[in-house]
Amino acid sequence: MSSTRQNINNYKELLEQYINTMDEASLYQAEQYSKASIQHNVSPDKIIEEHYKALVELFPNLDERVKASFQFLIQTMISYSVNYQQTEELREKQLELKTEIDVAANMQNTLLSTDVPKVENIDIGAKSVPAKLMNGDYYHFVQDDEGNIGTAIADVIGKGIPAAFFMSMIKYAMESFPEDRMYPKIILELLNRVVERNVESGMFVTMFYGLYDINKHEFYYATAGHEPGFIYRSQIQAFEEIDAKGLLLGVKKDTKYNQYVTHIQQGDMIVLLTDGVTECRSGDRFIEREEVLEVIDQYKEQSAQNIVDNVYKYLERLQDFKLRDDFTLLILKRNS
Amino acid sequence: MKGALTTVPIYKEWDIVGARQSGRNMAKDLGFSTVDQARIATAISELARNIYLYAGQGEVSFEEVQGDTPVGLKIIAKDNGPGIDQISKVLEDGYSTSGGLGAGLPGVKRLMDDFDIVSNENGTTVTVVMWLR
Ligand SMILES: Nc1ncnc2c1ncn2[C@@H]1O[C@H](COP(=O)(O)OP(=O)(O)OP(=O)(O)O)[C@@H](O)[C@H]1O
Ligand SMILES: [Mg+2]
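Sequences listed follow chains A and B, in order.
For the first sequence, position 299 matches number 309 in this note's numbering, and the numbering has no gaps at all.
For the second sequence, position 133 matches number 119 in this note's numbering, and the numbering has no gaps at all.
Hints are not guaranteed to be accurate.
According to the in silico footprint, chain B covers these stretches of chain A (three or more CB under 8 Å from chain B) [said to hold, decoys possible]:
#1 36 to 44
#2 113 to 123
#3 331 to 344
Read the hints as simulated data drawn from the structure, not as lab findings.
Using N, Cα and C, we set each Cβ at its ideal position, and we do this for glycine too.
Here chain B stands alone, though its shape is the one from the complex (with noise of 0.2 Å):
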């Protein structure tokens, strides 16, 4: 299990519950309680929509981490699709589609406790971890 990395495609509305379900398992065996195996769950189906509404495809990958002291766990939801223009507006609340009702980006972000993402013409790298308190 450890340092190992599970890959889970996008690709129909289906394949978020499988990422969910993945990214619980992994939560799961590192001994996140079940009310963060929830939080992690929840910022998995985000990442997942997203990529499924606005890439149409990519993948999200599981990865157990070591910080200092704590293990975390990663995760890295990752498509070709057109990319975010202006991060820094995406990220404010308020600004989803939804009219920032879902949890959206920024949500993710409050749900997680490391986040980062690349984003160009080329595609969009959301990478964020949490850690085990």
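Next comes chain A alone, as it looks inside the complex (with noise of 0.2 Å):
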């Protein structure tokens, strides 16, 4: 093959070569010329061209009509790659564009995240993928003296870049908290006065805070209009939704939250997820939430992570790979 090769050159000796034989081998190195030519920016009129020339000096006697066909074509070509080209341009702008974007939510990637606690009897997984560049939804763990670990999942209203400069903030006031034992109420508490106090961003977040206590596993939870979760109960083998109730962050000043408590037995699981995860689209058809239920149920027995990775995988591929908005889902499993 790497004789031919350097035939890739020369499209009348590669021309000749099929009109001689008919090959495959032949069509395969006009796909390798036809890509080492947008390589090097030749334009589609060109390489009719190259043909034409080809053709004339293989075929001296050529029809004249056929020679007129091709300064026909050649014409429709050359204005073709003139719009062609024009196109290409504003693609390497939008490209440009998004390489500058790509830093930015790198960048935000970095300030926002987040280690997952390393707990004995606690397996967690997690997965936080973005729809578009910048990723509008955010979780967060924290581990406080105890070992007692807390987890904040959230979802800001209104998508793109300024959401997720909002989500850094939310989470710079959460990091200025002090480290004990924070209840999941005052937590939201503190929140909604920040959010509120930046009203005029016209943001609003919604944010479900979990407190689980390692030693007595009781898992304290309060929600600001959150996509509620699901706790998956190993003694009667079936999820259970959590159930609580509260005001989206920033909608009203000194909003108070409720708090919940529950006792999270051996072999449970606690799920929490983003609207993204159940509100996702497989063309006209909205998955509802017990399919995704289905998928969680049907890995139960891996890890958390694996749970999770194999959750998205399988949401990925029913929206066609293309994720319609940012997919976050959390698993808390409790192993012994």
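Since each chain comes alone in its own frame, lean on the hints to assemble the complex.
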């Protein structure tokens, strides 16, 4: 193949080879020729011109009418190429912008990154994937001195870059709170004030905050209008919706939040998510929450990280590999 | 011919040509136009090249499929390579390593009617179908 590789530069030889043999190998080389042409910015009309020249050399007695048809085609392709190049330039500009946003998105990832706690009895999995470049979802883990796990999952109403910036603010507000045993209700009330003070930004945030007591296995939680999560109860082998109510962050000053508590048994699993998980669409069909739970159920014996990864893969494929909304899924599994 | 399954193993670059040939023959037998045959061959090239470049080895199979009314050609490109990490990213135009210059996977998706990928750390299977219009 190496000798023919050089032929790629010679359209005429390639063409002659094909006309004589009609073989697939020549066609494969034609494909490589076309890839190389794009790389060297050769426009389509140039390739047709090349073809025409080769044809005239190979068949000097070519019918004048066929020659005329080539003039016609070349003219058509010249105007096509000019227009195409314009589109191409726009595309390049767009790629430049995209690169810049990519940098911002990476920075956001660094700013908002959180370590998933490693705890003996509790297996934790987390996955968050933006639909566009910047993520309007957010999750966060903290551990206090006793090892109790605080976890937040949030979604900014509003998407894109402003939403992403707004999330950074929430994160820094949260980090300024004292480290010791912070109850969900208190955290949401403090955060509500932060968001409410920036109300002119027009952003609202839904958030679920949970605190897992790792000694007593009590799970304390409160919600600010966030998509309800689920608890898998191993005893009845079924999912239970986490029942909680509360106003979105930033809607009303001095909102009070209810706090709830539930006991987590061995084998139970806490599932926290954003609406990107449950409200995704496949064609014109909305995916039911049940369907997501079925996928979780199917993988429930695996590690928490494997479960969230598999749910993501399942939904990504179902949506034809185009996420319509940011996806965030957290699973906390009590092993022993 | 009906329901027949042809499989072409991919080990070396030459095998890409063999896969194109088998796919084209089958497309011709099913009654696809020469232009559609060329589209199908292009898609096979991209899939087989990816196997050759990123998985080292694998196979491309062809199968006649029967839809509600039409007949289609199904192409399955399968390997046990490292897998594709973020499929949705890869399917965005302008992602491929050649700088979005080749057709790549987005090109395959555009050329064919149906497109599906299953990929994990144990390998990748891309399944595409073109229906006879
Ligand atoms: N079978 C595969 N196994 C593992 N990784 C793959 C496979 N196919 C594609 N990939 C990954 O997906 C990326 C995109 O593939 P795609 O074919 O779209 O573009 P490309 O191969 O990079 O460039 P080109 O435009 O020349 O095809 C590749 O760079 C590679 O990392
Ligand atoms: Mg490729």
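Each hint, compared with the structure:
Note: the region 36 to 44 of chain A has 3 residues with beta-carbon separation from chain B under 8 Å; the three-residue rule is met and the coverage holds. For the region 113 to 123 of chain A, the stated coverage by chain B is not satisfied: 0 residues place a CB nearer than 8 Å to a CB of that chain, which falls below the threshold of 3. Closer than 8 Å: that is the beta-carbon criterion, and the region 331 to 344 of chain A has 3 residues meeting it against chain B, so the requirement of 3 holds.
Going through the hint list in order, the structure does not satisfy hint 2, though it satisfies all others.
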